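K.L.:
The chain contents come next:
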Amino acid sequence: MSDEERAARRLEQLLAHGSEEAVARLEAPERRRLLWKYRGLLRSFEREQAFWSSTTDNLVLAYERLDERDRELAAAYQTIHEDLEVAAQVQKALLPRILPAMAQELELAVHQRQLSAVGGDYYDFFRLSDDRFAIGVFDISGHGVSSALVMSYLKAQFMSVTERLGSPQRIVEWVNHRSLEFLREIRKYATVNFVAFEPQGLRYVCGGGYGLVLRGGELQLFARPNHFLGLRDRSFSEDVLPLGAGDLVCLFTDGIVEARDANGRAYTTQRLHRLVQQHGQRSPQEIVDAVLADYEEFRERDTDDVTLLVMRKRDG
Amino acid sequence: MSETTATEDDGLLVHGSLMMGYAQACQSLKIVIGRDARRYIDGLEINRWYPLSAWRSLEELVVRHYAAVGPILVKVGMEMMKGWYHLGPGRELITRGQDFLHFQTGGGGFRSVVKGPPERVGTFELAYFDPKRGRAVVRSTTPFQRQMECGVLIGGMLAPGDIDYVDVVNDQGSNLLEVEFH
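Protein chains in written order, with our numbering: chain E, 1089 to 1404; chain U, 133 to 314.
Among these hints, one or two may not hold up.
Claimed, not checked - Derived coverage of chain E by chain U (criterion: at least 3 residues anywhere in the stretch with Cβ under 8 Å from a Cβ of chain U; other residues may be distant): (1) 1183-1197; (2) 1325-1336.
To be verified - EDC-like, lysine to aspartate or glutamate: derived pairs with alpha carbons at most 16 Å apart: (3) K264/U / D231/U; (4) K162/U / E1193/E; (5) K1125/E / D299/U; (6) K1125/E / E312/U.
Hints in this document: simulated from the structure, not taken from any laboratory. All values reported here derive from a predicted model rather than from experimental measurement. Ideal Cβ positions, reconstructed from N, Cα and C, are used throughout, including at glycine.
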């Protein structure tokens, strides 16, 4: 430290803690310097005050801007909320009504719950070209509005072809071929489980979906050899399972079986299969209720859309 | 050797060290925050020359957020010189507060961080200097904000610790920086 700096430090200490007597003892040049040091500190204080005053004004300005943004966001949220309410109503209106032919052949119970106002799980009932009927269950990638719009798009595609083509394989291939470019462009895909009901059984195409038949107490699981809709332009394969009076069919998406409990364990398809088998003699609605009760007790929280259809083939 | 990589679209170039000093002062005073600021500041290179428009963008990061930006710019200028003296080469270049006036208005200061057509670079000259009275006048026609230049002079003169009082006043619109020091 130089003499200059030492002198300056001494004066600073004097200003901070010195007595009147110590100040009175200073020589004239030191007293003069003390004065300027004092004024320097005052000026420095004024500069700090001006700085913090500007900063405070800035904070007020920032809060005002934040408040304005908050109002804009609230207005935008309200618009989105209203749009979503309408979208949810539209999606509900797009859900199918049971066809007369189906009601005659099947006792059906359905549960569907979307994770958000609108969702990507989709099921539908189709009349086929030869007066038979089919059920389709789809899970569109993602959630929310974009998935719901893809659902509407796929519904339109299936509706336009189901009355012209008979086999599930040809129907699914046609829809996949027609939709592939578009779905790739918007980076969406969908699982497919398309099941046509025939007098002695069911014929289905399953790509990523889940299905089973409970027949005489024995579970027969759907083969799942196919790819999803919207991934590649390849053929789909069709499988057949026998279905007689009293047999049970269960179709579902991954919402239940991939749910996790508080410890991170998955619900699993095996658990659902056991439950269906255990309640197999009860009505479809009772089976749906039993599965849902078990799922709700198991899962920590809902993380996906849930769709479950249970149906029993009636006598005659 | 500094590398010139910026375009000369506006004819004026500002050295990266000045940009960096300004940015670091703003960060140190916590007056520039947010993603945009970080992205801009993180990309600065100390050995590059930047077009004046880049400097203006940097200034804008501060100016657009304050209704009364004058006192902020004074503090930024002071903070820049604090960094320059205590963390940079300043201590090697000047030993007394008064020296800073001569240094800054000579070849080593302003002239070393701005280049371009002389009429656009402007000047930073010591027009009057009376150490006995503790008065000086600097005439500035540089492209920089005068309030920041006031802060630069205050910070640079106070940094060595031998001057007890420094004030620099600039009447708005004037190119004169009136310095009082004791």
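K.L.:
For every hint, state whether the structure bears it out.
P.N.:
Do the hints match the structure? See the list:
Under the rule that three or more residues need a Cβ within less than 8 Å of chain U, the assignment of the segment 1183-1197 of chain E is violated, with 0 such residues. Counting residues of the segment 1325-1336 of chain E whose beta-carbon sits less than 8 Å from any beta-carbon of chain U gives 0, not enough to reach three: the coverage restraint is violated. Proposed proximity of K264/U and D231/U is supported: the alpha carbons are some 14 Å apart, at most 16 Å. At most 16 Å may separate the alpha-carbon atoms for a hinted pair to count; K162/U and E1193/E exceed this at roughly 74 Å.
With a C-alpha separation of about 12 Å, the suggested pair K1125/E and D299/U falls inside the 16 Å cut-off, and the hint holds. The hinted pair formed by K1125/E and E312/U meets the criterion: a straight-line CA distance of about 13 Å does not exceed 16 Å.
When held up to the earlier numbered hints, the structure conflicts with 1, 2 and 4 and fits the remainder.
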